[in-house]
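Start from the sequences, fold in the hints, and give me the full structure.
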Amino acid sequence: MAWFTDRQCFLLAVVFYGLSTVYSVFLWRKGFRRDEWLNYLLIAGGVALHTVAMFKRGMTLHSCPVNNLYEATTFLLWALGVACLVYSLLPRFKFLAAFSAPVLFTVGIFALMPSLDPPHGPKPEFSGALRSLHAATSLQSYGAFGLAAVAAGMFLMQRHDLKVHKLRALLSLLPSIQRLGLITFRLVAVGFVLLTIGLIAGAQLPRPAGDRYISDPKVLWSALIWLAYLESLVAYKFFGRTSRRFAGMVIVLFVFLLLTFWITNLYSAMHQQ
Amino acid sequence: MSVVVIGLSHRSAPVELRERFAFAGDKIPLALQELRTAGIATEATILSTCNRVEIYAVTPLAADAAFAELKKFLIVHHAYDGELGDELYTMAEPHSLHHLFKVAAGLDSMVIGETEIFGQLKQAYDLAFTHKHTGARLNKAFQRAFNVAKHIRTETNIQRGSVSVMSAAVELAEKLFSSLGEHEVLVIGAGETSEKTARALLSRGAGGVIVTNRSPERATALATELGGRTVPFEHWPEEFDKIDIAISSTAAPHHILDRATLEPLMKRRKHRPLLLIDIAVPRDIAPDVSDLDNVYLYNVDDLQSIASDYLKLRQEEVARCEKIIAEKVAALQEANQFRP
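Protein chains in written order, with my numbering: chain A, 1 to 273; chain B, 1 to 340.
Hints listed in this document are in silico derivations from the structure and should not be mistaken for laboratory results.
Some hints here could point you the wrong way.
What the hints assert, rightly or not - For lysine-lysine, the following PhoX-like pairs were computed, each having C-alpha atoms within a straight-line distance of at most 20 angstroms:
id, chain 1, residue 1, chain 2, residue 2
1, B, K140, B, K72
2, B, K323, B, K312
3, B, K267, A, K237
4, B, K122, B, K132
5, B, K150, B, K132
6, A, K237, B, K242
7, B, K270, B, K242
8, A, K30, B, K312
9, B, K312, B, K328
10, B, K27, B, K122
11, B, K150, B, K140
12, B, K270, A, K237
What follows is the structure, encoded as structure tokens:
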């Protein structure tokens, strides 16, 4: 891998995610009737190349590679890919790969836009244990939210099939509806805890004189995301929000997160430094 | 010498006739001995089940003569004095081998792809083998039949899915819950189908059973039989906190569970899915409860339709199985040709 740059390694990883996406469409059309290892291996191949890409970038910078939008996005995708590989090892969860592949592929393509990856100066601008903790936990929380959205998608599909297309539900090898509901809730809870740690760590970071933590657009956006997930968890756990609505909200929130993540970064003075 | 078969099955004869020609298990060795002593067969096996009576034989006679002798044997052995026409079928090689392979794979069974016949055929063969009524020809034919059946089972979907109402209910339960062990079953109305469904769920590891019935005696009897407990009929809604599967089959002329009753009960369940199996006609459970979150309701038509759809899927697989059998029969015949 020495003859490939870190971006080329990531490009290859995206190719693997793309292949997995194409194969996922085939699996979806077939109704998820076979226990699928090929798709898992494609995602594993992609994550391996992705890890090499991040390692190379990290070694170049001598710090956690989360200094610009490209790095932050690839870190988020990596967290999603690794979580997907781990959870796919649970019985009947291999189809997580089929549901995660389109997210990994489309966001991966977006991350490859050259304007997201401006050249760094000779020294990493983004260093220090607290900053790394802030960036890593925040991005890992997005990964957990992403995987929760994937599990929620599986939940809604299985729920619909069990109510309407009963034979399709029986023929598919998706996990039980009970387990899908539980995994979705737990992933959101894990993501929420990680985001909380990320926000607390971020609040401790030194800021340029005159900058107020709470008035930064990215911080406001993060607080909004945090509140939205908190509301979802509390409403579901204590106020009888239906499983269907909870799953729908988890998907909507992650789509919102993906679509607005870059915009808020661009408008945040603190995150532009 | 070739393998021939004579017999009658659910396809050719009604049960009244099949039972007239059935062989009791302990009488089969003697019947096989008779066949060999009479010179009709050098090797023979008799398969006698509720759906078929068949004699597989290796005969030194020409096929037509062998069939006439075998028919006479069946009539005399069972002291049958009625008319016998198309009910009795006869086949010589290669059709006899093809038929044997189909029977072993469950393709000739009433429920396509069922596996019980495999065990019955194996038992019939073992009995003949133990009493030394089989030889090289039949041994090879039966061993190949068993191998082909196993091959078909693994390579095709002929045995996939539930083809009965009870097994469809169990399969649905397994799609809802990760493991049945933690889930109790409530049986409302101690009818025969609900009893069978509860038994099927228990056999797959369901956590326990609660029975309720208008007649408490019947409820107690069934609960004792299933190793469960009873609740008075007027108190069964209170059990909805504990159970996750309910099977209903009362003779009530109206719905005994509707949305207004279930909605507050579901709130207490905290997102736990509830499987409702309504096998009563007229239905016990109002269909609109299905709109409630985490409620999965299936009535007898739903279960029947799942079973029929599975059966259709199995029928679609028959062509694949037939192709495999044709290849294996050809291979066996080729192997027999080279035998000294």
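ask   = Does K122(B) pair with K132(B) here, judged by a C-alpha cut-off of 20 angstroms?
value = 15 angstroms, holds
query = Given the hinted pair K150(B) and K132(B), is their alpha-carbon gap at most 20 angstroms?
reply = Violated. K150(B) to K132(B) sits at ~25 angstroms, over the 20 angstroms cutoff.
inquiry  = Just to be careful, I want the Cα atoms of K270(B) and K237(A) compared with a cutoff of 20 angstroms; is the pair within it?
reply    = 8 angstroms, holds
key: Agreement of K27(B) and K122(B) with the hint, judged by alpha carbon distance not exceeding 20 angstroms   = 17 angstroms, holds
key: Holds or violated: K323(B) to K312(B), with C-alpha atoms at most 20 angstroms apart   = 18 angstroms, holds
query = Between K30(A) and K312(B), is the straight-line Cα distance small enough, at 20 angstroms or below?
reply = Holds. K30(A) to K312(B) sits at ~17 angstroms (cutoff 20 angstroms).
query = Holds or violated: K312(B) with K328(B), Cα cutoff 20 angstroms?
reply = 25 angstroms, violated
ask   = Straight-line Cα separation of K237(A) and K242(B) no greater than 20 angstroms?
value = Between K237(A) and K242(B) the Cα gap is close to 19 angstroms, so the pair holds against 20 angstroms.
query = Given the hint that K270(B) pairs with K242(B), does the C-alpha gap stay at or below 20 angstroms?
reply = 12 angstroms, holds
message = Need the status of pair K140(B), K72(B): alpha-carbon distance at most 20 angstroms?
response = 27 angstroms, violated
request  = Below or equal to 20 angstroms on CA atoms is what counts here, so check K267(B) against K237(A).
outcome  = Status holds; Cα separation ~11 angstroms.
ask   = Taking 20 angstroms as the top limit, are the C-alpha atoms of K150(B) and K140(B) close enough?
value = 15 angstroms, holds
Of the numbered hints given earlier, the model fails hints 1, 5, 9; all others are met.
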